[in-house]
Amino acid sequence: MAYKRQFYPGTTSPAKNRRRYMDPKVKLKKLRDVPMDDVIRIMGHRNPGEDYKSIHPPIEEGKEPDCPIRKLVVPIEGAKAGDRIRYIQFTDSVYFAPISPYQRAWMYLSRYRGVDTGTLSGRQIIEVRERNLEVMAKEMIDNETFDPALTGIRGATVHGHACRLDENGLMFDGWQRYQWDAKKKEVVYVKDQVAIPLDRKISVGKPAAHADLKKRTTIFRADGVDMRDDKEVTMYGLRIHKLRTLGGYQPWAFKE
Amino acid sequence: MVSTQSADYAGVPLPEVAVITNRLLSAETTEIILNRLDVIKGIRQIQMTGESIPKTINSGPGKGLPNNHTERRIINVNGREVELRYLVGAFYIELEVEDEAALDAKLEEIKGVLNECIEFGYTLNVGRYSKYKPTLHDYRSE
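Protein chains in written order, with my numbering: chain A, 1 to 256; chain B, 1 to 142.
Some hints could be false.
What the hints assert, rightly or not - Within a straight-line C-alpha distance of at most 30 Å, the following computed DSS-like cross-link-like pairs (lysine-lysine) qualify:
| hint | chain 1 | residue 1 | chain 2 | residue 2 |
| --- | --- | --- | --- | --- |
| 1 | B | K55 | A | K201 |
| 2 | A | K255 | A | K30 |
| 3 | B | K133 | A | K138 |
| 4 | A | K184 | A | K201 |
| 5 | A | K183 | B | K55 |
| 6 | A | K231 | A | K25 |
| 7 | A | K206 | A | K185 |
| 8 | A | K206 | A | K16 |
| 9 | B | K111 | A | K184 |
| 10 | A | K29 | A | K242 |
| 11 | B | K63 | B | K41 |
| 12 | B | K55 | A | K185 |
| 13 | A | K185 | A | K53 |
| 14 | A | K53 | B | K55 |
| 15 | A | K206 | B | K41 |
| 16 | A | K231 | A | K242 |
| 17 | A | K80 | A | K25 |
| 18 | A | K71 | A | K4 |
| 19 | B | K41 | B | K131 |
| 20 | A | K53 | A | K16 |
| 21 | A | K201 | B | K41 |
| 22 | A | K27 | A | K206 |
Honestly, the hints are just simulated from the structure, not real lab data. Please read all numbers here as calculations on a predicted model, not as lab measurements.
Isolated chain A (complex conformation) (with noise of 0.2 Å):
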């Protein structure tokens, strides 16, 4: 019998987001265009037209090992051409961002391949091969994990997640990559990720209302929906919990 793929239980909004998110099936919403040049501007690793850095001389002309698992993994366009590993990592509010860091591990790892990702408290950093990188950093920055106010693209120094929002809503940021940008209503970054100034500001658009960020979060708080509430997401806890404590790195030997 084929198990059917599950991703995560609960009724709540969520709870049902975290199984959006998750599903490689589901295409996220797309709510804005940032150009791919300014995402390539903001992360910083290469000028925008510039080449690639690649290993030289190019992997088709040089001599490879004879690997089985070479020839058994199709690579991906970055791989194929010896590209550099960069970087980008985004900083998550914990008021009602759209998304959380481990909630992005778990994105990251069911939608796409050939990526290394780190879970810390408040930031999510991926890493993969350059050209992958800038197609999926677009992505992300596009699409609904992401929102101008609460969610910061930020390389070093990340701390501002569970800080209180400043006046304008937005997540507090000691450098400042970004600013309120008060004629627009939009936010502006006006640093890249580890803070080197931009020649022009780039923006990523208008912040989502509260009420709206509430519906699409996958943050369970008590002042939105309470883990409490969602009885299958409580068992499922516990349960991990349960098998954890008493079955410590053997669960399959607990019997309950």
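Given the structure of chain A, go ahead and fit chain B onto it with the hints provided.
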């Protein structure tokens, strides 16, 4: 971290009003609040805290570059220059009052100012939140 204290220790535990704002305040709002509070008699000192804003980029490839944060600047409080190093999110207002009635009156005055200036709300508590006499640390620091 709290801003450096501006007055000597009182020696006795005078009441302190702790105002924690629901949003971090811009330099402009902080300036307005301080100017409004500064004229209230009986306020001995105001200490502020919040999220630290570095002067320069302190790590990564841009290390050493000026931060140029719009909210890290010098504000003017009734003629005195105050350098803001934080996005302010809390005020600790030390009051020099004789009794409970005087304290209540001052609290009403302070609340009046805060209600007008703070758009997104705040919580206010009265107690003692910082030391009021020197400790070993102060002798060591001299």
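Hints and how they fare:
no.	hint	verdict
1	B:K55 with A:K201	holds (21 Å)
2	A:K255 with A:K30	violated (46 Å)
3	B:K133 with A:K138	violated (56 Å)
4	A:K184 with A:K201	holds (13 Å)
5	A:K183 with B:K55	holds (27 Å)
6	A:K231 with A:K25	holds (26 Å)
7	A:K206 with A:K185	holds (6 Å)
8	A:K206 with A:K16	holds (25 Å)
9	B:K111 with A:K184	violated (34 Å)
10	A:K29 with A:K242	violated (37 Å)
11	B:K63 with B:K41	violated (44 Å)
12	B:K55 with A:K185	holds (27 Å)
13	A:K185 with A:K53	violated (38 Å)
14	A:K53 with B:K55	violated (34 Å)
15	A:K206 with B:K41	violated (44 Å)
16	A:K231 with A:K242	holds (16 Å)
17	A:K80 with A:K25	holds (26 Å)
18	A:K71 with A:K4	holds (29 Å)
19	B:K41 with B:K131	holds (22 Å)
20	A:K53 with A:K16	violated (41 Å)
21	A:K201 with B:K41	violated (46 Å)
22	A:K27 with A:K206	holds (22 Å)
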